[in-house]
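Asker: As you go down the protein sequences, you meet chains W and H in turn. What the first sequence shows, in this note's numbering, is residues 1 to 420, in sequence order. What the second sequence shows, in this note's numbering, is residues 1 to 156, in sequence order.
Source of the hints: derived by calculation from the structure; they are not laboratory data. Mixed in with the good hints there might be a few duds.
What the hints assert, rightly or not - Label-pair ranges, simulated between beta-carbon atoms:
#1 Gly-345/W to Asn-5/H: 35 to 41 Å
#2 Gln-17/H to Thr-325/W: 52 to 58 Å
#3 Gly-345/W to Val-152/H: 32 to 38 Å
#4 Glu-324/W to Asn-5/H: 55 to 61 Å
#5 Ala-371/W to Ser-97/H: 31 to 37 Å
#6 Arg-76/H to Gly-158/W: 50 to 56 Å
Said to hold, decoys possible - Below, a list of computed lysine-lysine pairs in the BS3-like style, where the Cα atoms sit at most 30 Å apart:
#7 Lys-49/W to Lys-10/W
#8 Lys-406/W to Lys-93/H
#9 Lys-150/H to Lys-252/W
#10 Lys-93/H to Lys-252/W
#11 Lys-252/W to Lys-278/W
Quick reminder that beta carbons are idealized off the backbone N, C-alpha and C, glycines included.
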Amino acid sequence: MSRPDPLLTKHFDETRLHELETFRRLGGYEGLKKALAMGREALMAEMNKSNLRGLGGAGFGAAMKWSTVIPEAKNPGPRYVVVNCDESEPGCFKDRVLVTRSPHALIEGLLIAAYAIDAQRAFIFIRGEYELQHRILQKALDEARAAGLVGEHILGSGFSCAIDLMRGAGAYISGLDTALLETMEGKKAWPRQPPPFPTAAGLMGRPTVVNNVETLSMVPHIVLRGGEWFAKLGTAKSGGTVLFSVSGHVEKPGVYEFPMGTPLREILAAAGGVKGGKRLKAVIPGGVSTPVLTADELDIPMDFEAPRAKGTFLGAGGVIVLDETADMVMVAHNIERFLAHESCGQCTPCRQGSFWHERILERGLSGGGTAQDLATLERAGENITGKVICALGDTVGVVTRALMKKFPEDFKAKFPERRG
Amino acid sequence: MSAFNLEQEKVLESWTQRYPASIMGLVEALRQVQQWHRCVTDEDEEYLAGLFAVPRSRIHEVATFFQSFTRKPTGRHRIGICRGLSCSLAGSKEMCSCLEKKLGIKEGETTADGRFSLETMECLGACDQAPALLINDELKGAATEELVAKLVEELK
Chain W
1 MSRPDPLLTK
11 HFDETRLHEL
21 ETFRRLGGYE
31 GLKKALAMGR
41 EALMAEMNKS
51 NLRGLGGAGF
61 GAAMKWSTVI
71 PEAKNPGPRY
81 VVVNCDESEP
91 GCFKDRVLVT
101 RSPHALIEGL
111 LIAAYAIDAQ
121 RAFIFIRGEY
131 ELQHRILQKA
141 LDEARAAGLV
151 GEHILGSGFS
161 CAIDLMRGAG
171 AYISGLDTAL
181 LETMEGKKAW
191 PRQPPPFPTA
201 AGLMGRPTVV
211 NNVETLSMVP
221 HIVLRGGEWF
231 AKLGTAKSGG
241 TVLFSVSGHV
251 EKPGVYEFPM
261 GTPLREILAA
271 AGGVKGGKRL
281 KAVIPGGVST
291 PVLTADELDI
301 PMDFEAPRAK
311 GTFLGAGGVI
321 VLDETADMVM
331 VAHNIERFLA
341 HESCGQCTPC
351 RQGSFWHERI
361 LERGLSGGGT
371 AQDLATLERA
381 GENITGKVIC
391 ALGDTVGVVT
401 RALMKKFPED
411 FKAKFPERRG
Chain H
1 MSAFNLEQEK
11 VLESWTQRYP
21 ASIMGLVEAL
31 RQVQQWHRCV
41 TDEDEEYLAG
51 LFAVPRSRIH
61 EVATFFQSFT
71 RKPTGRHRIG
81 ICRGLSCSLA
91 GSKEMCSCLE
101 KKLGIKEGET
111 TADGRFSLET
121 MECLGACDQA
131 PALLINDELK
141 GAATEELVAK
151 LVEELK
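Chain H on its own, in the form it takes in the complex:
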């Protein structure tokens, strides 16, 4: 049994056709898997190995190299705190402590209800809006304790 439904299989297949060589679609396909499953599992890797016609170790190598892909599921809302130099100077460490307290988890963990996960990220390219957060795909610059409290409240 596949890790994906028919619709999802079609989407993954399309990534093998998008670029001059089939394997060039791998990173995008993994991004898609991460979005659906909130992680990349052994089963996912097996499937992709078959789809891209490469040994599973090739998939595993890419799935474990890049920070976007996780082995354990992230929360529905994946919160990343930038720890680049400019954001550090603007108080990212304090922002992290604030979020840890609010969510009741430590950096690197996911809440028991699967709602939030918290991690640090490297420079997000938002140094002009330090300190910055990335929540799933959305950048939130000039983060404050108030903004963070509001987000935690609103995001289900």
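Okay, chain W solo, but in the shape it has when bound:
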């Protein structure tokens, strides 16, 4: 069976795709036109059929999220759409690529989302380190405004929406929706503990939809060809295609688009396989926050459901390939050090637990580890996961235990039984 056309990366060979003229020539903004013509009810009907899931990592149904925004009649006042372009999960760079190559696709999807929830103002929050992408979006927005696609009476319709940019300042946790909103409100990026969820009370207490760059970029395709068509591209519960950022010990690192449910093996093959023909040891499937897989576990279909059977998840599709030279204790240390550094500090199990994970793993790497440390890590992990406000804390406990479980020999070597 032949693979369907990609959606987001289809025109990536067009070097000027980021320019409005080229984008429009290739059918850009036809989705927006159609959405405005079909009306909100028909639009939501297509979104509901699509099975579009949140592609920033959480996989929450996009239509479900939009439909929980309390309508204007019941909650008069502004509502907002915020684009999460804070991409900071190690292993993930697909949003960077999307914004660089196709900023107008994001703007179009954003406008349709704003129309759906009747938001007159939208924001694109970009991580502070993506300055090039910030400039590209500024330019694209200028083009869109000049063409009447953003601002008052879009395309001559009754719908108006202004789009603003805002930059972050170097915090991974700003990528979590409620922490992103805190950052936007001029505060330290401490995640909130819902309820209320952002669609009830988000930015400045107003109903807010926070969606990932890739998620919104998919929306015009759903409008143009229908939710049912989009859903069928994927699996039963995960519709459409998805972008994988492939890196690590791989021949051709880069972004690869595949239908939901594609086996991990196929994605690895598309990226040229293990670099230098070395033996594959492990694959982290969805960004460092997702539990590791062994070389024997590559037949997993990559959607939001199937990987759970092997104890991991799709996350944000950051595929990190590890060959035989990789030491899993080093990998664990690298990730826990990252989490400890990025922990906002709000919850004791995460703040303390991430620090101790890093410290113990460091001890293992520098020759002072003992088998007792492994028992400590196991117990500590259990006491952190599920006992914190946000997923960063959960990850602290999950990541090391998964590496320990799948690669016990690496850990035994660095944490030997004490003799005498």
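Since chain W is already given, all that's left is putting chain H on it; use the hints.
Answerer: Just chain H now, kept in the frame of chain W:
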């Protein structure tokens, strides 16, 4: 006396007007201050507290939470080495040692002439171009010892 000249004060003021609520401009304003002063000082915080009409502790909380903002001045050229997993696998540690030797400083320090500062950064989203560096606002992917030597030579 203000920490900023008239022109700069105007720029900071514009950030209080940009978004639906004045305080929403704080992070952008702090980014601007960091760019001008290469750090955020007590004096800067006092000024911003007045500008945004919040207690100074609110400014301090944000200025000390985010990695972009520093208390001590960074170099004119702020070099960040990505220590994300993919970059670590591609030799970021060796890149760091190489830069430490070339610049004559340790990670976390600034050269005496104020030209360069060196720090590690978390994943820069350039895993396909590992190992990656961020020099002020510019990403330099696929960094090599040669590239680094050339940069140190060229950047004044």
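Asker: Please go over all the hints and tell whether each is borne out by the structure.
Answerer: Results for each hint:
1. Distance hint check: the CB atoms of Gly-345/W and Asn-5/H are about 36 Å apart, consistent with the given range 35 to 41 Å.
2. In this structure, Gln-17/H and Thr-325/W meet the distance hint of 52 to 58 Å, their C-beta atoms being roughly 54 Å apart.
3. At roughly 36 Å, the beta-carbon separation of Gly-345/W and Val-152/H lies within the given 32 to 38 Å, and the hint holds.
4. Separated by about 59 Å at the C-beta atoms, Glu-324/W and Asn-5/H satisfy the suggested range of 55 to 61 Å.
5. Between Ala-371/W and Ser-97/H the C-beta distance comes to about 32 Å, which sits within the given range of 31 to 37 Å.
6. In this structure, Arg-76/H and Gly-158/W meet the distance hint of 50 to 56 Å, their C-beta atoms being roughly 51 Å apart.
7. For the hint linking Lys-49/W to Lys-10/W, the alpha-carbon distance of about 23 Å falls within 30 Å, and the restraint holds.
8. Among the hinted pairs, Lys-406/W with Lys-93/H is consistent with the structure: their alpha-carbon atoms are about 26 Å apart, no more than 30 Å.
9. Our distance criterion of 30 Å between C-alpha atoms is met by Lys-150/H and Lys-252/W, whose separation comes to about 27 Å.
10. Of the pairs offered as hints, the one joining Lys-93/H and Lys-252/W holds, with about 22 Å between alpha carbons and a cut-off of 30 Å not exceeded.
11. A threshold of 30 Å between alpha carbons decides the hint, and for Lys-252/W with Lys-278/W the separation of about 14 Å falls inside it, so the pair holds.
Taken one by one, the earlier hints all hold for this structure without exception.
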